[in-house]
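Given the coordinates of chain E, assemble chain P onto it according to the supplied hints.
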Amino acid sequence: MSVDVRRRRRSRQYGVHIALTTIVFVGLFPYLFMVFTSLKSNEQYYASAIAPPWPLHPENYVVAWEQVRPYLVTSVAIAAATILATVVLATVSAYVFARYRFVGRQVLFALIALLMMIPGISSLIPLFVLMRDLRLLNSYVVLVIPHVVAGVVLGTLLIRTYIEQLPGELFEAAQMDGASGLRIFVQIMVPLVLPVIATVSIITVISVWNDFFWPFLTVTDDSMRIVSTGLTFFQGRNATNWGPLFAGYVIASLPLLLLFTFLSKYFLAGVQGGMPGGK
Amino acid sequence: MVQNLTPPAERSPVRRRSRLRPTLVAYALLLPTLALLGLFAYYPAFSGIFHSLFDWRPGFDSPFVGIDNYLALANDRLWWQSFRNLGLIFIFTVTVGWILPLLAAELLITLRGSRSPVIYRALLVAPMAFPAVVTVLLWQAIYHPNQGLLNEILGSIGLGDFARNWLGTPDSALLALLFIGFPFVAGLPFLVFLSVLQNIPTEIFEAAELDGAGRLRRLISIDLPLMASQLKLLIFLATISVLQYGFAAFLATGGGPDNATLVPVLRMLNVAFQGSDWGIAAAMATVLFTIALILSIVIVMSGPKNTKGADDER
Chain E
168 MSVDVRRRRR
178 SRQYGVHIAL
188 TTIVFVGLFP
198 YLFMVFTSLK
208 SNEQYYASAI
218 APPWPLHPEN
228 YVVAWEQVRP
238 YLVTSVAIAA
248 ATILATVVLA
258 TVSAYVFARY
268 RFVGRQVLFA
278 LIALLMMIPG
288 ISSLIPLFVL
298 MRDLRLLNSY
308 VVLVIPHVVA
318 GVVLGTLLIR
328 TYIEQLPGEL
338 FEAAQMDGAS
348 GLRIFVQIMV
358 PLVLPVIATV
368 SIITVISVWN
378 DFFWPFLTVT
388 DDSMRIVSTG
398 LTFFQGRNAT
408 NWGPLFAGYV
418 IASLPLLLLF
428 TFLSKYFLAG
438 VQGGMPGGK
Chain P
4 MVQNLTPPAE
14 RSPVRRRSRL
24 RPTLVAYALL
34 LPTLALLGLF
44 AYYPAFSGIF
54 HSLFDWRPGF
64 DSPFVGIDNY
74 LALANDRLWW
84 QSFRNLGLIF
94 IFTVTVGWIL
104 PLLAAELLIT
114 LRGSRSPVIY
124 RALLVAPMAF
134 PAVVTVLLWQ
144 AIYHPNQGLL
154 NEILGSIGLG
164 DFARNWLGTP
174 DSALLALLFI
184 GFPFVAGLPF
194 LVFLSVLQNI
204 PTEIFEAAEL
214 DGAGRLRRLI
224 SIDLPLMASQ
234 LKLLIFLATI
244 SVLQYGFAAF
254 LATGGGPDNA
264 TLVPVLRMLN
274 VAFQGSDWGI
284 AAAMATVLFT
294 IALILSIVIV
304 MSGPKNTKGA
314 DDER
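These protein sequence lines are chains E and P, in that order. FYI, the numbering for the first sequence is 168 to 446, going by the working numbering. FYI, the numbering for the second sequence is 4 to 317, going by the working numbering.
Hints in this document: simulated from the structure, not taken from any laboratory. Only a predicted model underlies this, so the values are computations on that prediction, with no experimental measurement involved. Hints may contain errors.
One-sided and incomplete, this derived list gives chain P residues near chain E with beta-carbon spacing under 7 Å [what the hints assert, rightly or not]:
| no. | residue |
| --- | --- |
| 1 | 25 |
| 2 | 26 |
| 3 | 31 |
| 4 | 33 |
| 5 | 43 |
| 6 | 44 |
| 7 | 107 |
| 8 | 134 |
| 9 | 152 |
| 10 | 153 |
| 11 | 155 |
| 12 | 157 |
| 13 | 158 |
| 14 | 288 |
| 15 | 295 |
Here a beta-carbon is modelled for each residue, glycine too, at the ideal position from N, C-alpha and C.
Bound conformation, chain P alone:
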């Protein structure tokens, strides 16, 4: 960084004469990028916050309504329910969604030999190479009440009584939805866990083994503490992505049955595109943005060891 602060022109004094020119050239070169981001990133972000205070009717005049939109969503039972579901989704993601990736990473570094770990890793992350839409549609077919694979398998092993309309029953819909992508190994958490474990010097493991520390003991007193700072990053990313959760629910359940899988994003889109309440939808977007911002600040500010704090937010 320090070395970069010396201007590259310093060695050739001739070039010093035009201090102004590089500045103008820099602005000219940045102009297209700044214009693009200004119009299509900054403007919408501010427009959303601004219009959340109006009865926003795009194309017509939109009267100022103050905080009425926020009062409306505070009284929106479905909006609150969508957050309850979101909380469950978050808890599921950072517990069930991370245990198997952690287990797979632990298994992978236990493996000796140079060739097989590479092959296993490639196969473990391969599901990532399939389009998300395909994955959701496949699971939808697996859950199909009549011709679905899951019910057929249950029937064939004598558990036919458990067969049900997985995505169509309020009791099981959310859980069925969350199990899409099981065992969740193909994803960023696995890659992060794996790279942390791979970077632990083997001497540490050997020393632990000589001290008679079992595998579980090692996990708790060596592996997990070393992961703390990475866990913080993962929790941050999980928070952002869970807040934006909605695509799988939209495709597989549409938020139903009986709003059992409704999430804020779906509620916001419904309010905007079905209800034409653009002002309320803008207020919802602003709330989501604010939550993301606050949680980001909280997670970034909290010390690396203090990852529990982020869980407690829920």
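If we strip away everything but chain E, and leave its shape as in the complex, we get:
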């Protein structure tokens, strides 16, 4: 009986492999198509969209790099500035909420947590008008602020939860030794919450890379475009120039792909922890 079950299972595993491989292939197919096409000349692409690229045309990447580079630089700068501001604000406020006892603590925390419930798109219009009134349109600041707001809300929640799971003795011992609040924060808390900071940072990079409407509406100056809006502009300019166009897509994908490859643990934690919010 058990041998029978076992044999049936064994034979079934081929089917499982075939099914999983098929799903993987279908899922990755558009990206394989992207890499293929990025190495083709227009004539090759018009002849057949499926055929493998031969001879290769790596010079497409040179053309694309020239045009996509400024968008990448802006996106990286925006992401870095956002991460810096988010991490400073979120770690400090999470620490305060976790370790200080003060009047209004619960209410203030609830006010921050409540912001998780507001769908970003419903404040898009009023936020746009506010930025316009503050004369911040077409600036780097306008690109950073919404991501900092989202990051601080999520970061404060995640980091506070994390601190509260740490043994309280850690902090008390340091306090007994006469360490100041600042020293406890910098030398004990920050090193301990680094994994959460990494997750929040990755969420920030993903949301900067994927945000579209906000940068599209608030920044019209081509020199300040980020990857998402820059690529659509780039597509408009190269609509019939398939090779360089797809090479540009490949280049624009590399930063997230590198994060995914080398920090996949934090990347997946980010996807699962940063659940609400723009996609």
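Leaving out everything else, chain P in the frame of chain E:
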């Protein structure tokens, strides 16, 4: 939690003298965060609701109009059509959009060995690592009427008759748009399904197998019930994200052809940025916010087993 309620200062009575100081320090430290969130999160949220009652003309005086903006959008045929499309998008997302991730998760936990499941999982979720814009632009190229991959493949396998302008025909545009990202495995639902299934003790599966329960039977009577509370969370998140759906439609179809892919977000942006009817756009934003709020409350309040209720909302 309880242990945290005892103030850390209790063990050193010397520190007790300054009860007020920590409070002031706490407020001072929180000030930057609270100011940021107050100005850029709370103010816009209230400003939107407030200005939905005005003929909002940013930079000029805006007369109070009461509920006129809401009456205007109630009479806006395109606004209603955008919700019809949104309903279809929601139904698609929670049915077709979840079946393949569920299937992939089931297949993955069936797999024996320690190495291959890890590799498959990485490859299955890899599409997540590509920017959303790139994914949409790639599919747009795949759907291209003349040089598109899809039409070429159809032609080469003798199904050339099915070739069409996928995104440019009202009949197929919405469905073509929704298939962007097929097979939808690279995403949160898959990860959630997988972690639920991985946390089911293997004894349960073995017991089910000994009782002669087939795979489908097991799915229905063991796997799905255990997923109920997670499904509730996923439905909640799907609701919020579907309400905000718009970016892929904006890029791939612009809401067309013939408004076949128009969604509320796009209608709202059109009304604001093309029509300059900021008051009506603010009313639309308020409606979206209210719907999200009501659905959140309904979904959170309904019991974990009662996930069907959320589907019926539509």
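To see whether the hints hold, each was checked on the structure:
no. : hint : verdict
1   : 25   : holds, 5 Å
2   : 26   : holds, 4 Å
3   : 31   : violated, 9 Å
4   : 33   : holds, 5 Å
5   : 43   : holds, 5 Å
6   : 44   : holds, 5 Å
7   : 107  : holds, 5 Å
8   : 134  : holds, 5 Å
9   : 152  : holds, 4 Å
10  : 153  : violated, 9 Å
11  : 155  : holds, 5 Å
12  : 157  : violated, 11 Å
13  : 158  : violated, 10 Å
14  : 288  : holds, 5 Å
15  : 295  : holds, 5 Å
Of the numbered hints given earlier, the model fails hints 3, 10, 12, 13; all others are met.
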